[in-house]
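Chemist: Taken in sequence, the protein lines are chains X and V.
Each residue of the first sequence is one higher than the one before, counting from 1 in the numbering used here.
Each residue of the second sequence is one higher than the one before, counting from 1 in the numbering used here.
It cannot be assumed that every hint is accurate.
As the list claims (entries may be wrong) - Derived PhoX-like pairs: lysine-lysine, alpha-carbon spacing no greater than 25 angstroms straight-line:
1) X/Lys310 x V/Lys2
2) X/Lys179 x V/Lys72
3) V/Lys62 x X/Lys297
4) V/Lys62 x X/Lys192
5) X/Lys323 x X/Lys380
6) X/Lys310 x V/Lys72
7) X/Lys313 x V/Lys2
8) V/Lys72 x X/Lys143
9) X/Lys313 x V/Lys62
10) V/Lys62 x X/Lys310
11) X/Lys179 x V/Lys62
It is worth saying that the hints were derived from the structure and are not from the lab.
This structure is a prediction, so every number in the text was calculated from the model and none was measured.
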Amino acid sequence: MAKMAGKQMVVEALKREGVDVIFGFPGGAIIDVYDTLEKDGTIKHVLVRHEQGAAHAADGYARASGKVGVCIATSGPGATNTVTGIATANMDSVPMVVFTGQVPTALIGNDAFQEVDIVGITRPCTKHNYLVKDVKDLPQVLKEAFYVARSGRPGPVLIDLPKDVQNGKAEFNYPQEIKLRSYNPVIEPHGKQIERAYRLIEKAKRPVIYAGGGIIISDAYKELRALAKAMYIPVTMTLMGLGGFPGTHELSLGMLGMHGTYSANMAMANSDLIIAIGARFDDRVTGKIEAFAPLAKIIHLDIDPTSIQKNVKVDVPIVGDCKRVLKKLLDAVKDAGRPAEAWRDQHQAWLQQLDAWKKRHPLTYKEEPGVIKPQNVIEKLYEMTKGRAIITTEVGQNQMWTAQFYKFDEPRTLLTSGGLGTMGYGFPAAIGAQMAFPDKLVVDVAGDGSIQMNIQEMATAMEQRLPVKIVILNNQFLGMVRQWQELFYDRRYAATEFEMTPDFVKLAEAYGAKGFRATKPEEVDDVLSKGLEAEGLAIMEFAIAREEGVFPMVPAGKATTEMLLV
Amino acid sequence: MKHTLSVSVENTPGALSRITGLFSGRAFNIESLNVAATLDPTLSHITLVTRGDEFIIEQIIKQLRRLVDVFKVVDVSEGEFVEREMSLIKVRAEEESRAEILRICDIFRCKVVDVSPKSYTLEVTGPESKLKAVIELLRPIGIKEITRTGTIAMMRERKTV
Ligand SMILES: Cc1cc2nc3c(=O)[nH]c(=O)nc-3n(C[C@H](O)[C@H](O)[C@H](O)COP(=O)(O)OP(=O)(O)OC[C@H]3O[C@@H](n4cnc5c(N)ncnc54)[C@H](O)[C@@H]3O)c2cc1C
Ligand SMILES: Cc1ncc(C[n+]2csc(CCOP(=O)(O)OP(=O)(O)O)c2C)c(N)n1
Ligand SMILES: [Mg+2]
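Next up, chain X with everything else stripped away, as it sits in the complex:
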């Protein structure tokens, strides 16, 4: 067999893994791979303006499409610039492969030019990583990396490629199949556990499904809907689970947790059976852990055993892939043969109670004459996009208003940094999503603070002619932090007020994009429709009520029933 250079192996592996686009930024330590990509010419490369943007774009591409996102950077500063993006993907279980250049193996450890121990730096924030020291190992590493990234609980995998490994030659035996003795995610659930789960469900009077990001990751949307409908069980979702069950469905309680709906948090607090599906009992969801769901038994299904019993005691743990587990549970329900009415009658009182809670405190906000309310902007965005856009968000109030007021009906339509809460995520993620779906409408809902963290990617979007739309909810504040200061720090606004923000309309124009601004409520519709209909990249800026808060809110460390309401 003819020998192949490491750089060529990388390109071959990308093709065999079905990668059609990668995001990156070159430099001396990765120039050889770039050269090979260029000569090969089959893989689209998106040149970003900052490596953090490349990592978030690969992440957005992955979340929107379900495929593995790929990004590439040079050694040293290029590599460290990807770290925030890697950690973001890791916290939200996003499949990603990151390639970094490295100094030649002989120089490793020498404080060589642009050398950094990126494998050491990213060890705690990748699912796995590799420093390839011998080009002979590269085919196996490449195959493993994609397999590990996408299987089980997905996550980012980094491959560090010393320059001599890129140029060294070896035989290219790309494994077809892969089996690793030390890595075997459990996909099929244990039959006994399904039975035990069904027996609890059969008896429950006040059950609630608590659905998380795992539903979306495993494409278990249909199964979840079928299960909820078959048994008339209400569903609440985490931020990461939004879209995993239709937000407009009558059984939907919306999001739960710190900024969740009154009915969702009341449902958890009063439930006698919580069915957690692909959710990890994050502290934003449980609030004060001792007071969390005091009356409930808990069934927890998750592909990652470490998610189970990490924060709360569980009565029936089920390890397996959500989709497989839900299919089996559905079979158990069918086998039991109870008519739909029997289930409905069993839960009727509970559903009525939930309805009463929904009516008592629906998601709402106070109108103020002459002032644009951010919630209203999101409601209108929802109406105008008919709920069919892919929405990315930045972090802060803008993110929470989006979660509350945009009714996500489909999976993979909300891309947001939940676990790490990375400001600057939304816009590059939108670029990635738009690359995956060139014909879909992709909108980044941003805050005036967050958008400035990766604003440089405007140039990337223009260069690629991506018609991403950016909605900036401008309160001239780091609003979410300001809200905490208002509520818990006697309104001392330490370092949260911007005395200077750029003119976003002119900024858009400077990049050759379109910019629109609304400062009065009556301008909102017009700016939205102009912006959404504009050709190409556009910014829509809304000067919103400056000290608007996000409510409901469960103060950190409080029980989730202790909600501050509008």
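Got chain X sorted already, so can you dock chain V with the ligands onto it with the hints?
Modeler: The following block gives chain V with the ligands in isolation, referenced to the frame of chain X:
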């Protein structure tokens, strides 16, 4: 509760730091750690002594198993097991204390592995409790230096068929 974990890992360069990183990153504690080769050159064996309530130990074991390089994790302290640790102790040995040291050595079946005009170096093997006892007895005489291997452990083979 103290737990002794027996961990088999792929013999790759990063594996040990993944494990120690897991413990420091998640604020689990390590009381002792021993790493060595096994019969299979592609696997290393780690014996790890840690402490925590049942939830923490459950998390530790699951988190270890989750690492891509970890092949097998067994909590040997779940059942019957033997554990041993070895220590080298250099103790001040003046005219008046030499006999005393040798007596202690005899009682605990230690070996004298090095002798100098002013010191003895002893090799002690046994469960951690025995090492502690020897150290406590030698301490007043004057310990100059001490090194310990950390615990290694093994499940007992079942005695009945
Ligand atoms: C400003 C801010 C405010 C926030 N407020 C809230 C809030 O009010 N409410 C809220 O819910 N969140 C909120 N979050 C998000 C929160 O921090 C967490 O990110 C989120 O709650 C976690 O969601 P999840 O439990 O669905 O887990 P994810 O992080 O989505 O994890 C997915 C789980 O599914 C499992 N899984 C993956 N694949 C599969 C599979 N194939 N089969 C089975 N299981 C699988 C994984 O092992 C994991 O346990 C907020 C974040 C920010 C930044
Ligand atoms: C990189 C980063 N730095 C700091 C924070 C802390 N933080 C969370 S929300 C927030 C305010 C965000 O401001 P803006 O983007 O204007 O959004 P708003 O809350 O005003 O809608 C800050 C600073 C963060 N999440 N990410
Ligand atoms: Mg703001």
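Chemist: Check the hint pairing lysine 310 of chain X with lysine 72 of chain V against an upper bound of 25 angstroms on the C-alpha distance.
Modeler: holds, 21 angstroms
Chemist: For the pair supplied as a hint, lysine 313 of chain X and lysine 62 of chain V, confirm whether the alpha-carbon distance does not exceed 25 angstroms.
Modeler: holds, 15 angstroms
Chemist: Within a Cα-Cα threshold of 25 angstroms, do lysine 323 of chain X and lysine 380 of chain X meet the stated pairing?
Modeler: violated, 34 angstroms
Chemist: Please work out if lysine 62 of chain V and lysine 310 of chain X have their alpha carbons no farther apart than 25 angstroms.
Modeler: Status holds; Cα separation ~10 angstroms.
Chemist: For a C-alpha distance cap of 25 angstroms, please report whether lysine 62 of chain V and lysine 192 of chain X respect it.
Modeler: holds, 21 angstroms
Chemist: Please verify whether lysine 179 of chain X and lysine 62 of chain V have alpha carbons no more than 25 angstroms apart.
Modeler: holds, 21 angstroms
Chemist: Are lysine 179 of chain X and lysine 72 of chain V close enough, with their CA atoms no more than 25 angstroms apart?
Modeler: Cα-Cα ~16 angstroms, so holds.
Chemist: Please verify whether lysine 72 of chain V and lysine 143 of chain X have alpha carbons no more than 25 angstroms apart.
Modeler: The hint holds at about 23 angstroms.
Chemist: Just to be careful, I want the Cα atoms of lysine 313 of chain X and lysine 2 of chain V compared with a cutoff of 25 angstroms; is the pair within it?
Modeler: Holds, at roughly 22 angstroms.
Chemist: Has the given pair, lysine 310 of chain X with lysine 2 of chain V, been kept, meaning a C-alpha gap of at most 25 angstroms?
Modeler: holds, 20 angstroms
Chemist: Is the straight-line distance between the alpha-carbon of lysine 62 of chain V and that of lysine 297 of chain X 25 angstroms or less?
Modeler: Holds, at roughly 23 angstroms.
Taken one by one, the earlier hints fail for this structure only at number 5.
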